[in-house]
Amino acid sequence: MKSFALHAGILVVLFALQFVLPPYHHSNAARIMVYAILAVGYNVLFGYTGLMSLGHAMFFAAGAYGAGLGIFWLGLTPLAGLGLGIASGFTVSAIAGALLIRSTGVAFLIVTLMLAQAFFLSILYFNTITFGDQGLVLTQLAPIGPFALSEPWVKYNLALLSLSIALGVSLWVSQSAFGKVLVAIRENEPRTRMLGYETSLYRFAALMISGTLSSLSGALYCLLFSYVGASFASLQYSTFPLLWTLLGGAGTVIGPLIGTGLMFYLTDISSGYTSSYLLVVGFALVALTLWFPKGIAGMLRARFFPWLP
Amino acid sequence: MLLEATSLSRRYGGIAAVDAVDFSLHEGEVRAIIGPNGAGKTTLAGMICGRIEPTAGSIRFENEDITRASAPARVLRGIAYTFQVTSIYRNLSCFDNVALAAGRWITGERAVAEAVTEALARVGLSGDAARLAGVLPYGHQRLLEVAMALALKPKLLIMDEPTQGLAPAEIVAFCDLVRDVATSATVLIIEHNLKVVLELASRITVMDGGRIIAEGTPDEIEQHPAVKLAYLG
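Chains as they are written, first to last, in my numbering: chain A, 1 to 309; chain B, 1001 to 1233.
Because the hints were derived from the structure by calculation, they are not lab data.
Watch out, some of these pointers could steer you wrong.
To be verified - A short list of chain B residues far from chain A (calculated; beta carbon distances all over 10 Å): (1) Glu1027; (2) Thr1042; (3) Ala1056; (4) Ala1073; (5) Asn1091; (6) Ala1099; (7) Gly1124; (8) Gly1127; (9) Tyr1138; (10) Ile1171; (11) Val1196.
Claimed, not checked - Reference excerpt, derived from the structure (chain A facing chain B, CB under 8 Å, subset only): (12) Pro146; (13) Lys180; (14) Glu187.
Yeah, the Cβ is synthetic: ideal placement off N, Cα and C, and Gly gets one too.
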């Protein structure tokens, strides 16, 4: 109950923020919320199930390209494009999950990395359709009902609505019996099998949820920022959600959102002072892992709020 | 017959860890498997509970062939297993540890909680429900693992070296617990401590070099010449 109130409260604050934020930060906040969905999805697999993926760019790009190509080539409406993006992510997750059914630990890491690289190279290879690394710019997206996607407030609230869904899923995972088994797998998989749980099926389900949420993030990015490029499938987009999640606190519902926002502004502010802003970001990450190895929300849970999901 | 294994084998390369063993258990008995290191005891138990795949032979449980059944599927049929090296969820509370076991076959939060309370009480850990499992003393961690197994309501409970690392006083209490468990389940114990085995077991199986070299009541086993040679020295 407490945890539900907390997360509902955070969403209310995010809703209220749009009325006070200046335009620059208003648009940043929308972007952060879209990215945070990727991190929330990543966290279901990494934080709760204990499987570290280096291939989430594939799910993000599957969502983005599903939406982008659907709108560009098939003339879909934005909403149908969003649906196609999520369906692509769902399909790619199912295929990846089937291939990864026996992989855990380092093998999981390497196979996800390999799959995502194959996906990335395929996007470049089929550049007549995807426009390769040059990308695809969507101009003049049709409005969703009476709402024009070019309006900042529409972007903001669409991002917020999607984030609410993602956080809702994540909160459900953390509270449900299903999620407790995921945590059990993270903590001790052999024991969990010997309690009668077919752990490979649970890992598969966790990957499906994680990959599909990540594709929601990608599809939404395409809709709100009208661009899809091959870089979405590059390694960088696989490491981002890992860093955001680690920074904010793996295995907490709210951590990925905190981590995404913090990292975004860390990059934003430091790049205002120096061109080597990644160095600043790097130092900040080292410092945080030294002093808060459990991430920010993880530290808050350990020290102050043991009930934090 | 509760369990019947026929010419069960497990080979690792050229080595037969278990070599064409016939092994059966009656309902309600307390059986111990003894034997020197490398005799194949843990491999045999592993094949019965499904952790290790046999290279040949078959296993029947309650008259159904379970040779190809996965370990989780066997747990649902009623075969529970406690690990040789204590295997619990150190970062979860004792309650949550046992709830994961009970939750596998009971639905409803209250029903699970009742089963957890009962299992914890049975091993004497009622007061520790809210504590993290990892902070319990070692002997209590072993008991917690037994509580997890009990919460599965097994028909057959397999314990791999359960008294290893326990203090003498704890071993006495543990024997009482096993006798209590035996009133509701068949128990198969792999054990090095011969005193424990002679006290608890209704029948003893002796293994050496991947084969069963003797089987009988504690009295018979104590007098068996091959056993004296291979195990007691």
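Evaluated hints:
With a least CB separation of 21 Å from chain A, Glu1027/B remains clear of the 10 Å interface cut-off, as annotated. For Thr1042/B, the non-interface assignment is confirmed: its Cβ lies about 14 Å from the closest Cβ of chain A, beyond the 10 Å cut-off. Listed as a non-interface residue, Ala1056/B keeps its Cβ farther than 10 Å from every Cβ of chain A; the least gap is roughly 23 Å. Not every C-beta of chain A lies more than 10 Å from that of Ala1073/B, the closest at about 8 Å, which undercuts listing it as non-interface.
Its beta-carbon lying about 6 Å from the closest one in chain A, Asn1091/B breaks the requirement of being farther than 10 Å from that chain. Not every Cβ of chain A is farther than 10 Å from the Cβ of Ala1099/B; the closest lies at roughly 8 Å, contradicting the non-interface assignment. Non-interface call for Gly1124/B relative to chain A: holds, since the shortest CB-CB distance, roughly 21 Å, exceeds 10 Å. The Cβ of Gly1127/B sits about 20 Å from the closest Cβ of chain A, beyond the 10 Å cut-off, so the non-interface label holds.
Its beta-carbon lying about 17 Å from the closest one in chain A, Tyr1138/B satisfies the requirement of being farther than 10 Å from that chain. The Cβ of Ile1171/B lies farther than 10 Å from every Cβ of chain A, with a closest approach of about 24 Å, so its non-interface assignment holds. At the 10 Å boundary, the C-beta of Val1196/B stays outside the reach of chain A, the nearest C-beta of that chain being 23 Å off. Here the hint on Pro146/A is broken, as its CB sits about 45 Å from the closest CB of chain B, past 8 Å.
Annotation: interface hint on Lys180/A holds; nearest CB of chain B at approximately 7 Å, less than 8 Å. Using the Cβ-Cβ criterion of 8 Å, the hint placing Glu187/A at the interface with chain B is satisfied: the shortest such distance is roughly 5 Å.
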